[in-house]
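Colleague: These are the residues of each chain, in order.
4 protein chains.
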Amino acid sequence: MQEKIRVAIVGAAGYAGEELLRLLSRHPLADIRVITSRQNAGKDIADVFPRLSGTGLKFSMPDVREIAASCDVAFLALPHGLAHEFAEPLMQAGCVVIDISADFRLRSVEQYKKYYKVDHPAPELLKSAVYGLPERYREQIRHADLIACPGCYVTSVLLPTTAVLAAGLAKPDGIVVCSMSGVTGAGRKVDLPYIFPECNESVRAYGVAGHRHLPEMEQELAVAAGVPSLSMNFIPHLVPANRGIQSTIILNPAEKCSTEAVAQAFADAYGTERFIRILPPSKLPDTKHVTMTNMCEIGFTFDEHTGKLLLFSCIDNLTKGASGQAVQNFNIRFNLGETTGLL
Amino acid sequence: MQEKIRVAIVGAAGYAGEELLRLLSRHPLADIRVITSRQNAGKDIADVFPRLSGTGLKFSMPDVREIAASCDVAFLALPHGLAHEFAEPLMQAGCVVIDISADFRLRSVEQYKKYYKVDHPAPELLKSAVYGLPERYREQIRHADLIACPGCYVTSVLLPTTAVLAAGLAKPDGIVVCSMSGVTGAGRKVDLPYIFPECNESVRAYGVAGHRHLPEMEQELAVAAGVPSLSMNFIPHLVPANRGIQSTIILNPAEKCSTEAVAQAFADAYGTERFIRILPPSKLPDTKHVTMTNMCEIGFTFDEHTGKLLLFSCIDNLTKGASGQAVQNFNIRFNLGETTGLL
Amino acid sequence: MQEKIRVAIVGAAGYAGEELLRLLSRHPLADIRVITSRQNAGKDIADVFPRLSGTGLKFSMPDVREIAASCDVAFLALPHGLAHEFAEPLMQAGCVVIDISADFRLRSVEQYKKYYKVDHPAPELLKSAVYGLPERYREQIRHADLIACPGCYVTSVLLPTTAVLAAGLAKPDGIVVCSMSGVTGAGRKVDLPYIFPECNESVRAYGVAGHRHLPEMEQELAVAAGVPSLSMNFIPHLVPANRGIQSTIILNPAEKCSTEAVAQAFADAYGTERFIRILPPSKLPDTKHVTMTNMCEIGFTFDEHTGKLLLFSCIDNLTKGASGQAVQNFNIRFNLGETTGLL
Amino acid sequence: MQEKIRVAIVGAAGYAGEELLRLLSRHPLADIRVITSRQNAGKDIADVFPRLSGTGLKFSMPDVREIAASCDVAFLALPHGLAHEFAEPLMQAGCVVIDISADFRLRSVEQYKKYYKVDHPAPELLKSAVYGLPERYREQIRHADLIACPGCYVTSVLLPTTAVLAAGLAKPDGIVVCSMSGVTGAGRKVDLPYIFPECNESVRAYGVAGHRHLPEMEQELAVAAGVPSLSMNFIPHLVPANRGIQSTIILNPAEKCSTEAVAQAFADAYGTERFIRILPPSKLPDTKHVTMTNMCEIGFTFDEHTGKLLLFSCIDNLTKGASGQAVQNFNIRFNLGETTGLL
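Chains as they are written, first to last, in the working numbering: chain A, 1 to 343; chain B, 1 to 343; chain C, 1 to 343; chain D, 1 to 343.
Keep in mind that the hints were calculated from the coordinates and are not lab data. C-beta: ideal position from N, C-alpha, C; glycine also. Be a bit skeptical, because a hint or two may be false.
[What the hints assert, rightly or not] The calculated lysine-lysine pairs, modelled on DSS-like cross-linking and capped at a C-alpha distance of 27 Å, are:
#1 C:Lys58 to B:Lys283
#2 C:Lys117 to C:Lys189
#3 C:Lys171 to C:Lys58
#4 A:Lys189 to A:Lys171
#5 C:Lys114 to B:Lys4
#6 B:Lys189 to B:Lys171
#7 C:Lys117 to D:Lys171
#8 C:Lys113 to C:Lys127
#9 D:Lys43 to A:Lys283
#10 B:Lys283 to A:Lys113
#11 D:Lys43 to D:Lys171
#12 B:Lys189 to D:Lys171
#13 D:Lys283 to A:Lys189
#14 A:Lys189 to C:Lys127
#15 A:Lys189 to C:Lys43
#16 A:Lys113 to A:Lys189
#17 C:Lys189 to B:Lys283
#18 D:Lys189 to B:Lys43
#19 A:Lys283 to A:Lys171
#20 C:Lys127 to C:Lys117
#21 C:Lys114 to D:Lys283
[What the hints assert, rightly or not] Restraint ranges, calculated between C-beta atoms of paired labels, are given here:
#22 C:Pro280 to B:Val227: 45 to 55 Å
#23 B:Thr339 to C:Gly271: 34 to 44 Å
#24 C:Pro79 to B:Tyr206: 17 to 27 Å
[Unchecked claim] Output of the computed footprint for chain D on chain A, the stretches with three or more beta carbons under 8 Å from beta carbons of chain D:
#25 48-55
#26 120-129
Make a model of the complete structure from these sequences and hints.
Modeller: Structural data, given as structure tokens:
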């Protein structure tokens, strides 16, 4: 029988933290040893997340030494700018770090500064970081000590789009993405725009001046397209739902593009992937088919009318878009069976 | 004191009909004489729309002769393909017809057939029809006997986009529109995809193979751009709200385009319009700012990063997108003061 | 032509304030002169409530002298404990005060202290205060200088229940009320329990240890029943909707109670009321029939199985439950026609 | 290693069927062999429930002989009146039947006829039926061949109330229950009152003339109280959520009742139950704490003000209220570990 991996969750009181707790508490090979929250230190989990009270866990103040001593892996679910305070010493102590924040996703410190408005706090760690999108970086993840899990919107865009770009079926220029997210995407944030009556019966675009997920999409789509860089439009919208992201992606097709070629590219790229479901050309994805799961549902249409290639994807922003993908990375890194605890 | 205009509402039991009833029942210069519904003939309005029970109205079977004899104007809120049965005889009897259906919006019977899958039932009436978008066709509406009110999505797209195209600030090629609509946009339709648990906590694209509002957008955007025709992408999405449409429009700017030029174009086009609110460049519209009103809220951003021009608009699909606009047309046609009953 | 009444709205930046602005800005006999908000002083209304931007109003710091000098009436939409600071000087200056807060609803300062945990700040004003439930206190409201508008839950309970108690058809003991409210009932409050993901897909009871609306219900139900006092159960619940209260009221019937007798009592009490709709015994009210209106919809059932009398009512918590009723009181007090601006 | 139990799900295309599929498809000891749906026979599960497409299942026409030959247990998720057609022959063939319909819940055929308006179709089977509420009938369930799973509302009421009645802490007379349910409680029903715009922003009571869950509550509460029968008020309400029932129960306490005594009674009754969470007296349950789980969360308050005992409970109507409880019964019956597949 396989020994359990000892786990810490740092910053466990937000929605991504709650989702990590939900998934890891029923994971047969994870042993949650430490959950931290500055604000809730000392509280029983039942006081913060009643639905997890069966786990009997208790929040503590984050303590690097304690985590290093007692855990094999630390999941960091912190606001950006803070992850390195834990990542660096934990890695030195031999602890694997799986970061859900944005701090190690961008390879360029200039881009980080441009979009996050601060200097990157630990540029030397960027070399170690592996981008945690298993469907594209699985082999590197197996050996990574620092895994930077992709942003939620980014995941929903990369999964359909990289496959098509990598197959040479679309051009890297002129990419337009419109995404719609449920409100947990904003985090467990207590702010006027997120109270119920301000979100219910409301649809609105936001962040169009340069959302922080934009440079991350551009970085990874450029890699997939084999170009040094690209510029694209990413327009996020907030809709009155708890969970789920729907992304609509408009691409300029390459010459050899066709409905059949796209279907084939997806089959080649994702035929054996357990967390991707490619729909037949007549169907479109729906967030309700994926919420509370680690699945990404993908649809596509070659639009004869305008000659554009349209891709559609749905994920749960907290699962495949954050904590589910983090657990998937955990499974890969510790060789536990990629779907363990996720089906 | 002005005499009241005698009004019939044909097909009054759907959501557009209900909204017409809501608006016209409090309109100081409208006298609702007849409301028809085959399915609800004989019923008191209180049995179908309790919130309107104060009006004391009763549904009857539609009867062209009765309407012609007792009314000055008939609002038609019927499914497509049926409006001409009423429009033709009523117009002959001297009754003004304000049609909310799709039957007289497209000038091309070929396009009608392509998108509605039937021959146009009354092509000879198309000559008389005026497209009922007051902000662009106000003068023609003043003298029209048949007013074809625009589709809901179409209204949300035309108001921001025609102003920019007409001012020569954007190119007519490569237009991409992503819209999100509340569920009343589907009508009062009793069908599995529209029951509550199938719509709540769900976001999905649909109709991407060629939504019926697409040719209507293309027709009117070509007029505004001064080109014979254009092709564009229109991708509608269904979101869990009752009312409201948010449209995000991505345009290729013309050379002389700039943030200031767009602001000026909107000021020129809509400076005196009572139902359009242009936001400052730092703000974006929200459906909750316009629901239950006849307003269209418009925002815009010139995206330096990609060089695209982004427009955003919000309307209430049942008000400015249907019945409110119909009442606005009614006010113009009968010279009642354009905002009467709508503020 | 009647002269317009000059109006101030003090504390206009909450949901009740917004609803007052919505109603009074289209009221033909109200002239809004002053709207105050400490937090938003200096801001255009468009920055706080974009849907009201057509009014051209601007928030100012509250200034009693300015209001007294320029207004005939002041609506107070403040948290409890603050109203007297305005009420007292404004009344002395001859200004009518219509208070939406809780400060002048309870006749007993003991009850006020028990439920609001502070001494009543102006007990001497209580004598002047008239309880602003028009359907029961219309005559007193005509001459009142200080009108204390009822709480939202209270309105939904009093309208059906007082009629039955006053007619001697139910006993004052053992009254049980379960109410469900939309989230605007909590005010525009930025607090974790009210962010979207905490309210959506959630139903919960709260305030069962003694909600502040309980003593107010007991006070007025005792008056209607002609008893010195009574004790009852009031159990509020929060449901994922913006607006609307549904109250279910379980009563012990008096001996002469019957379905017919209740129907008659309602007809007698409310036959000429414009804002009350009594449903036939086979129907039950629905919040969606009354939202955005000043109506109260009432249903009832005499339950043969247990011998209980069940009453059901629905109102919009912000309209009949707060600001609409305040405007109704304003209309009565200034003799403007009770339904002016409310239909 | 334990052999898997071979399972059939009859009537698998409704929401209870979908939930059974969700739970059993990840149950380590269940092997789903047959899923039937007259309407969807021949379809892949991916066409009806995309989120379950990973199971690779296919709907077939219901065929008793095939089920009897290939399965150890059949879950029946059919409308009332049909279950016996499967139950009788399957039981004769040695197949255990777990029925989610209402057909075998009531011991009295008179009550069945009164509330379901038809003669009971198989009164002889009632003797064999065990009421499938594990927390009260666990021992009988272990040996039952026909398990009648309780109604959703009933489960939410019985769990808190039977414990208190059985402990002699409340009187069986004058029980009042107000419950609020999400819309999946109405089934996957395509009917006007259940389309999104009719449920969203709506709260309404219904079924007050005698909901079908009422006699079932009365039957089981009488058993717990040790009285031959009792009459109570049960008032269900529909709220705009997908899942979840909140029940508020008002009881007349017995003389020895106190907060401590109730806490003790719950500890005694449910201290070792894995699917019941008793909250401390200061907290109240919330449906969002239990949705997508098999938990029942219970709160309580002894109201000093009126001397009533108030109980509050939340369940997921499709899980503990239907399919989760069915799986719990399955686990008990086949000795699989009561929580298997449910945590």
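Colleague: Each hint needs a verdict: does it hold in this structure or not?
Modeller: Each hint tested on the structure:
1. C:Lys58 to B:Lys283: Satisfied, since the Cα-Cα distance of roughly 19 Å is no more than 27 Å.
2. C:Lys117 to C:Lys189: Answer holds: Lys117 of chain C to Lys189 of chain C is near 20 Å, not above 27 Å.
3. C:Lys171 to C:Lys58: violated, 51 Å
4. A:Lys189 to A:Lys171: violated, 38 Å
5. C:Lys114 to B:Lys4: Distance of about 57 Å is beyond 27 Å: violated.
6. B:Lys189 to B:Lys171: Between Lys189 of chain B and Lys171 of chain B the Cα gap is close to 38 Å, so the pair fails against 27 Å, i.e. violated.
7. C:Lys117 to D:Lys171: violated, 34 Å
8. C:Lys113 to C:Lys127: Roughly 17 Å between the alpha carbons, so the hint for Lys113 of chain C and Lys127 of chain C holds.
9. D:Lys43 to A:Lys283: With a Cα-Cα distance of about 15 Å, the restraint between Lys43 of chain D and Lys283 of chain A holds, given a limit of 27 Å.
10. B:Lys283 to A:Lys113: Cα-Cα ~24 Å, so holds.
11. D:Lys43 to D:Lys171: violated, 52 Å
12. B:Lys189 to D:Lys171: The given pair, whose Cα atoms are some 48 Å apart, is violated under the 27 Å limit.
13. D:Lys283 to A:Lys189: Since the Cα atoms of Lys283 of chain D and Lys189 of chain A sit roughly 23 Å apart, the hinted pair holds (cutoff 27 Å).
14. A:Lys189 to C:Lys127: violated, 45 Å
15. A:Lys189 to C:Lys43: holds, 25 Å
16. A:Lys113 to A:Lys189: holds, 23 Å
17. C:Lys189 to B:Lys283: holds, 23 Å
18. D:Lys189 to B:Lys43: Holds. Lys189 of chain D to Lys43 of chain B sits at ~25 Å (cutoff 27 Å).
19. A:Lys283 to A:Lys171: holds, 24 Å
20. C:Lys127 to C:Lys117: Given that 27 Å is the threshold and the Cα spacing comes to 21 Å, the pair holds.
21. C:Lys114 to D:Lys283: holds, 21 Å
22. C:Pro280 to B:Val227: 45 to 55 Å: About 60 Å separates the Cβ atoms of Pro280 of chain C and Val227 of chain B, which means 45 to 55 Å is violated.
23. B:Thr339 to C:Gly271: 34 to 44 Å: Roughly 36 Å apart at Cβ, these two residues keep to the hinted range, so it holds.
24. C:Pro79 to B:Tyr206: 17 to 27 Å: At roughly 45 Å between Cβ atoms, Tyr206 of chain B and Pro79 of chain C fall outside 17 to 27 Å, so the hint is violated.
25. 48-55: holds (count 4)
26. 120-129: violated (count 0)
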